[in-house]
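**Q** Each chain is listed here by its residues.
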Amino acid sequence: MEGLIQLGIFVLLLFLGFVFGRRAESKHYKSIFAREEKLRNIVVTTERTPEAEFERHEFNLVSGNVVISVDYFKVVAAGLRSLVGGRIRSYESLLDRARREAILRMQEQANAMGADVVINTKFETCRISGNAGKGIGSMEVLAYGTALIPPQNR
Amino acid sequence: MRLRQNPKIPEGINASPDNPLKEFLLLLAGITLSVIALVTLISLLAQSLAPLIPFSWEQRLTGLYEGSYGDSNTETKDKSSEQSPPKDKLPDSPAFINAELALQELSARLSNNIDRPENMVFNVHLIEQPLPNAFATLGGHIFVTTGLLRKVGSENALAMVLAHEMAHIKHRHPIQAISRGALVQFLMTLVLGNQGTAAIQSVLGQTGLLTLLSFNRDMEREADQEAMAVLVNNYGHLAGADEFFSQLLEQGNQAAWTAIFQTHPGVESRVVEIRKRAKDYATQRIAPVPLDQRLISYLQPSAE
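First to last, the sequence lines map onto chains P and R.
For the first sequence, the numbering used here gives the first residue as 1, with consecutive numbering after it.
For the second sequence, the numbering used here gives the first residue as 1001, with consecutive numbering after it.
So that you can see chain P by itself, here it is in the shape it has in the complex (with noise of 0.2 Å):
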């Protein structure tokens, strides 16, 4: 009995993760793409040095950082799929979903300074809390870069 209702909190616990995950997911997809869209003209890339042409423009740190949450039922799919190896497709597209939140998130920042450009953009990603007790995981993605000012638009 001790047994089946365990059995009933898993699956109920599964259930959840997978109805309320899968929302999450296509609703933050569809932002996702929305954004992008409509800061296309906040260019991001990963040169170094800026070129000539931005010679005469003002710079400034930009960062953009999400922290995401692994569900239950990713959590229990990643387990079986640790048994057998492949790919952990619960979590790429987790992943997947938090760096692209991130650029947004910078880009975001870039254009509330007026930037046109944002260059050297890196990626930096740490586990909260190093995931103590085996628990449900939740993870950092940062991204910073440079963002490049036009003289006119300060």
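Since the hints were made in silico from the structure, they are not lab data.
Here the structure is a predicted model, which is why all the values come from computation and not from measurement.
No residue lacks a Cβ here, since even glycine has one placed at the ideal position from N, Cα and C.
The reader is advised that the hints may include incorrect statements.
As the list claims (entries may be wrong) - Non-contacting residues of chain P with respect to chain R, defined by C-beta distances greater than 12 Å in every case (computed):
#, residue
1, Ser31
2, Phe59
3, Asn60
4, Leu61
5, Ser63
6, Val67
7, Gln109
8, Asn120
9, Lys122
10, Pro151
11, Gln152
Unchecked claim - The list that follows gives simulated cross-link-like pairs (lysine-lysine, DSSO-like), each with its CA atoms no further than 30 Å apart:
#, chain 1, residue 1, chain 2, residue 2
12, R, Lys1008, P, Lys27
13, R, Lys1276, R, Lys1151
14, R, Lys1022, R, Lys1008
15, R, Lys1008, P, Lys38
16, R, Lys1279, R, Lys1151
17, P, Lys38, P, Lys122
18, R, Lys1008, P, Lys122
19, R, Lys1022, P, Lys30
20, P, Lys122, P, Lys27
21, R, Lys1022, P, Lys27
22, P, Lys30, P, Lys122
23, P, Lys27, P, Lys38
24, R, Lys1008, P, Lys30
Using the hints provided, position chain R relative to the given structure of chain P.
**A** Just chain R, lined up with the frame of chain P:
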């Protein structure tokens, strides 16, 4: 050349557009099937290899705990504490010790009629517990609860229960069940040990223990056959042998009986089998042998 706009990157490169449920179900099905296959394999191995473990090893193992056997049922003791027995029925009282002695003498008589290896000795213990139950464990130890004594009306019924548990030991069922349980538990720990899903682990562990630590139907049937042969050897008939199991069947849905129902599956077909066999010997009406006087005096309410 400078970009005027961020390029539009096609979707589905970094993240797959597939529904994750499909992958999940596929994985779950595959892993469940292989775990079932492994458990079946382990069960078969335990069943065929565990009886090869020398009985003396079992005895040596349980010998380490001999002294503490009386208190081994701490879990069930909690329940029984609600209706604590009167002073002269406590496990240390002379009445209790005499009743246990009577049980041991009965089992000694029965064990003369069972075909067993030289070194196989049966140790019968009486435990103070209102739930009617009897079980056999490693090392030839048999436990009978005082609740069971209250439910049997004749020595034959008690002998049937005792002979049944002895047959389990003779066929090495306890060591099979425990080997199987331990191996499955080990497998579960190996498979699920290093991932964060504690829930799966406890669920699978619990169901595993529940189904694997009790004897299966075949074991019960085997023990019944053996027990009936012992009773026929000892008494020459099977009258009263089905008494306890018939009672079990009639009152099966009462809470007090669930414990023994869980550990003894398929009672219905077993009663039918015992009754069928009993008919072969019942040429005239035979009265079952009454219980030993020491057992009766233990069960009777105290005079004071």
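**Q** Hints the structure violates: just list their numbers, smallest first.
**A** none
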